[in-house]
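Participant: In order, the protein sequences belong to chains A and B. Just so you know, we're using numbering that gives the first Met the number 0 here: the first sequence kicks off at 0 and counts up by one. Just so you know, we're using numbering that gives the first Met the number 0 here: the second sequence kicks off at 0 and counts up by one.
Since the hints were made in silico from the structure, they are not lab data.
The calculated lysine to any residue pairs, modelled on SDA-like cross-linking and capped at a C-alpha distance of 20 Å, are:
| id | chain 1 | residue 1 | chain 2 | residue 2 |
| --- | --- | --- | --- | --- |
| 1 | A | K7 | B | T148 |
| 2 | A | K7 | B | T145 |
| 3 | B | K59 | A | D58 |
| 4 | B | K5 | A | L61 |
| 5 | A | K129 | B | S7 |
| 6 | B | K59 | A | L56 |
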Amino acid sequence: MNCFEFRKLLLTDPRVRTPEQERHLAGCDACESLTHEMEAFEARVHDALRVPVPEALADRVLLRHKIRAPALRAWALAASLVAALGVGIYFYRVPLGEHERVLTAAALGTNHPAVTAIAHVLHDEPRMLKENRGVDPVVMRAAFMRLGLNLPANGTTVLYFDKCPMTGGAGNHVVLQTPFGQVTLILVPDQSFGARVVVVDRDMTAIAAPHGAGGYILIADSLRNVRQTEKLLM
Amino acid sequence: MLIETKKSKFESLVRAYSTELYRYAYWLCRERFQAEDLVQETFTRAWQAWEGLRDDKAAKSWLYTILRNEHARSFERKRFDIDEVVDLDGIIDHTSAGPHEEIEMRQMLGALPRSYREPLVLQVLGGYSCAEIAKIMEISEGAVMTRLTRARLALRKLPGVAAPRKVKNL
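Work the whole structure out from these sequences, hints included.
Facilitator: Below, the structure is given as structure tokens:
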């Protein structure tokens, strides 16, 4: 593969890296430099394409179809939206870290736990939140302590806590209402899923990181929100 | 019971995809109220045509296709696509050096011909491959690749974005 072929593929889909491209990159400083430029460029395009979405859009769609849940849930949702709006306006723009690459699901692979976790949150979490039967604070605190993580206190409430089916029941699925919005935390004890990664998929961002004798995955609607929540856990 | 399952699945789909569908709609029509109407209409049609969804895994592409067809039906009526032979060099003339890079990039994205912008949105926001985009847009994969390349080349002319370097061994 020559530089022209490499760059043609890079402009077509910067997320994809074939073995041939990797081999070319290893021996071509110019293309390596261009690849780094393209990563920053793609991040700019991604940010620009993410235009603000009207508040409670999904609720309006559901309202139109008259399948909304009971009023109590609507009040809870409204309250969380107001809180999220206040913080969301402040934290709207998501700067990319200088030392942390943000990967796409395609680049990371759909079987990676972080990508699977995003799919799990999008597909299953609404139902799980509906079925939540309450939280045992002792069990929850033990799960956090087992991984050496802090249970966030000020301004954070736990919306859901239970065993996590995607970890074979060995982990926990936690949904937190933080000052930065709703964030999902998957606690994975006694399992390693490799180095820390940041991945963006379907408007959600996930950080998967090893910690203690296992690891955790944080999922939220922006990189800033997962990072801010991550700080609360440390 | 069946209706409950349908409602539950439908609600999950709405919550999972309304945000990204709105953004896709916005970049198709570039008007916020129309974009929301498109999302509403998409889910209305999805609900009506629920039996057509055979595979849950295909739900996302199914919704994108409904939205695209709905946009074509509502706002274009006559033609589905636009002339591909566009002088991309002309796009740079519409930009101004604003204070915010993001606004500047949005202006450039808005100035791109829709036939170039749409595959870019589907790839960057939707996470689709070239083959999947080709299927949604009903064009060849080669055409998708060409449009993506041209779109990126045009956007890279923005101030502050490095232009592609000359390659010696072409």
